[in-house]
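There are 2 protein chains.
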Amino acid sequence: MVTRHDLYPSRTTRHLDPIPRQDPVIHARNQHRWEGPLDETSLSRYERDGFLWFKGFFSQSRVSQFLNVLKELEKDAELMKSDQVILDPGSGGLRSVFAMHRISAAFDELTRDPRILGMVRQLLGSEVYIHQSRINYKFGFQGSGFDWHSDFETWHAEDGMPRMRAVSASLMLTDNNEFNGPLMLIPGSHQTFVPYKGKTPPANWKKSLKAQRVGVPGMEALAELANWGGIKAPKGPAGSLLLFECNTLHASNENMSPWPRSNLFFVYNSIENRLQEPFAASEPRPEYLGARHNIQPLDMHDEFPEIAGQGVPSL
Amino acid sequence: MVTRHDLYPSRTTRHLDPIPRQDPVIHARNQHRWEGPLDETSLSRYERDGFLWFKGFFSQSRVSQFLNVLKELEKDAELMKSDQVILDPGSGGLRSVFAMHRISAAFDELTRDPRILGMVRQLLGSEVYIHQSRINYKFGFQGSGFDWHSDFETWHAEDGMPRMRAVSASLMLTDNNEFNGPLMLIPGSHQTFVPYKGKTPPANWKKSLKAQRVGVPGMEALAELANWGGIKAPKGPAGSLLLFECNTLHASNENMSPWPRSNLFFVYNSIENRLQEPFAASEPRPEYLGARHNIQPLDMHDEFPEIAGQGVPSL
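Protein chains in written order, with the UniProt record's numbering: chain A, 1 to 315; chain B, 1 to 315.
In isolation and in its complexed conformation, chain A is listed as follows (with noise of 0.2 Å):
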């Protein structure tokens, strides 16, 4: 039997310290670096904090028609008896629905936007895939929150992802603001993994989704974290976006205003990066969690394809 070496061990039963980053953090090497639509400010400030906010990257109107797919949906008897639907423990409101890019054509679309596809290539320096999506919905006065955890922390121990090489995209669908639980970030925390001292619960998943207790990092190194980094939450209009680093600690708050906060949240990995066996798991998690069949790389959706790949014709 060979034992794979873990970087990354978590869900031991012992404590171990927080281990700093194996990984570079944009893996476009030297001159490739600057392939693509992301400058060196934007790189760098990347490469510091662990995300980039692009404060009204889309028109509202061409986000809000995933609302009405959310509408539509919920509409879909089967679907919402299904795994892939997450309720709100709260209110007992449709919280998430998973996979969302093999449901709907548009964020299927969007997922492959030039604009999208091209910062996140750059990031991942490779072709890459969809590794989860879904689209949220957090209700006015209701909305749970999510404690602090680092995505990559799950996806490592439970879904068998070897290395930090995914970017996570989420599009705001509503105005993000100070009282409707919007995203928060610690800068800097995509450095550090913080090790998650316990064993993984068989089937962990089904309780993780709606409020995570295994696999978070523990007050004093999160406390650490921020006294360094600081927090961050972003605010901006519909049609915001937000790229986040796998490996980013982040949280929301609970919705105490009335204004509903609903977003898409779409996860980029790199084909280089492709999912192994669970490094701490006895069993992978579903396809709609954690992608390892369906891996086709992006290739980029152009709106205007009778003209794409022809070049600009001449005035």
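In short, the hints are calculated from the structure, not lab data.
You may find that some hints are simply not true.
Simulated restraints, written as ranges between beta carbons of each label pair [to be verified]:
no., chain 1, residue 1, chain 2, residue 2, range
1, B, K75, A, M219, 17 to 27 Å
2, B, R29, A, K235, 38 to 48 Å
3, B, P286, A, D6, 53 to 63 Å
4, B, W34, A, K235, 35 to 45 Å
5, B, W34, A, G230, 36 to 46 Å
6, B, K197, A, P201, 38 to 48 Å
7, B, E277, A, A203, 53 to 63 Å
8, B, R292, A, P18, 46 to 56 Å
9, B, K71, A, K81, 45 to 55 Å
10, A, E220, B, N68, 53 to 63 Å
11, A, K235, B, I19, 34 to 44 Å
Cut-off 30 Å, straight-line C-alpha distance, at most; resulting in silico cross-link-like pairs (DSSO-like, lysine-lysine) [to be verified]:
no., chain 1, residue 1, chain 2, residue 2
12, B, K55, A, K210
13, A, K235, B, K55
14, A, K235, A, K81
15, A, K235, B, K232
16, B, K235, B, K55
On the chain B side, residues computed to face chain A include the following (Cβ under 7 Å) [claimed, not checked]:
no., residue
17, A223
18, A251
19, E254
20, S257
21, P258
Computed from a predicted model, the values in this text were never measured in an experiment.
The C-beta atom is built at its ideal place from N, Cα and C for all residues, glycine as well.
Here the structure of chain A is known, so what remains is to put chain B in place on it, guided by the hints.
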């Protein structure tokens, strides 16, 4: 049997619509309005919003002593077991100690600080006494939030406070920032009384101090008020002071930062607005939650008693 007329009925079995405020916001009338430290700009703002925020009102050194008082109180095993002390429902840590102005001389003197007492007398148009006081402590990562509510609704229903003629003061002992669960207020909400549908359970206060369920406004009324007035969460350093009208809706979210949040809270009631029998509860709450015996009008505390009342010596 004489039935009291109740201007603000609540805790009823039938739904009642919101009731417009039946009391002035500033009780000093006509030319008496300007007899005090607040100028017309501040008075008008208080009338409009139902609160005033004084960023950095006291120096940090003036207020840091109170955190030491709290540490001393924690060592008092007898006190810790009493009903006057509220533990956090999440963490089990010390969250509030009531009737602080009767325990701590420093707190008593603070409630009689000429600057604060001067403003409060001007707003309430009479002599005043302390209806309730406490010190609050919200832990990093653990401090629970508090749902939207009007204090007056409870003080009227459960304490028998007849009119809206009370002002709450909240003095920050730590920095108040976006992430440590600061107080949120709905500007203008003090102009509307939102009755609660449902009877007051016996000894409701034993539960309501941990998490209020009875007396909170319905979601529809709340949404209307928040959509009208918006939501504000004043931020500032330790030493900042908030004065807010007894019927202003307020709430706080969980503290998801490592930074604790602590404040002193003390309520001034007009001596012309003394407690009667509860309007909607079987018996009054304890003295430390709503004073009905210790209601001596406050006199100003001068730090230089030897020259108090002597005027400023001539140059």
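Structure-based check of each hint:
1. For K75 of chain B and M219 of chain A, the hinted distance range of 17 to 27 Å is satisfied, since their beta carbons lie about 24 Å from each other.
2. Under the hint 38 to 48 Å, the C-beta atoms of R29 of chain B and K235 of chain A, about 42 Å apart, fit the expected range.
3. Look at P286 of chain B against D6 of chain A: about 58 Å separates their beta carbons, and that is inside 53 to 63 Å.
4. Between W34 of chain B and K235 of chain A the CB atoms are about 39 Å apart, so this pair conforms to the stated range of 35 to 45 Å.
5. At roughly 44 Å, the beta-carbon separation of W34 of chain B and G230 of chain A lies within the given 36 to 46 Å, and the hint holds.
6. Checked against the hint of 38 to 48 Å, the pair K197 of chain B and P201 of chain A passes, with Cβ atoms roughly 42 Å apart.
7. Between E277 of chain B and A203 of chain A the CB atoms are about 56 Å apart, so this pair conforms to the stated range of 53 to 63 Å.
8. Our hint of 46 to 56 Å for R292 of chain B and P18 of chain A holds, since their Cβ atoms are close to 55 Å apart.
9. In this structure the supplied range 45 to 55 Å holds for K71 of chain B paired with K81 of chain A, their Cβ-Cβ distance being about 53 Å.
10. In this structure the supplied range 53 to 63 Å is violated for E220 of chain A paired with N68 of chain B, their Cβ-Cβ distance being about 25 Å.
11. One distance hint, 34 to 44 Å for the beta-carbon pair K235 of chain A and I19 of chain B, holds here, with the actual separation near 35 Å.
12. Taking the CA atoms of K55 of chain B and K210 of chain A, the gap is about 39 Å. The hint is violated against a cut of 30 Å.
13. For a cut-off of 30 Å, the pair hint linking K235 of chain A to K55 of chain B stands: about 24 Å separates their Cα positions.
14. This hinted pair does not check out: K235 of chain A and K81 of chain A have alpha carbons roughly 33 Å apart, beyond 30 Å.
15. Our distance criterion of 30 Å between C-alpha atoms is met by K235 of chain A and K232 of chain B, whose separation comes to about 15 Å.
16. A hinted pair counts as satisfied when its Cα atoms are at most 30 Å apart, and K235 of chain B with K55 of chain B qualifies at roughly 8 Å.
17. Evaluation of the A223 of chain B hint against chain A yields a held restraint, the C-beta minimum of about 4 Å falling below 7 Å.
18. For A251 of chain B, the interface hint holds, the least distance from its beta-carbon to any beta-carbon of chain A being 6 Å, beneath 7 Å.
19. For E254 of chain B, the interface hint holds, since its Cβ comes within 7 Å of a Cβ in chain A; the closest pair sits about 6 Å apart.
20. Taking 7 Å as the C-beta cut-off, the interface hint given for S257 of chain B holds, the closest approach to chain A being about 6 Å.
21. Look at P258 of chain B: its Cβ gets to within about 4 Å of chain A, closer than 7 Å, so that hint holds up.
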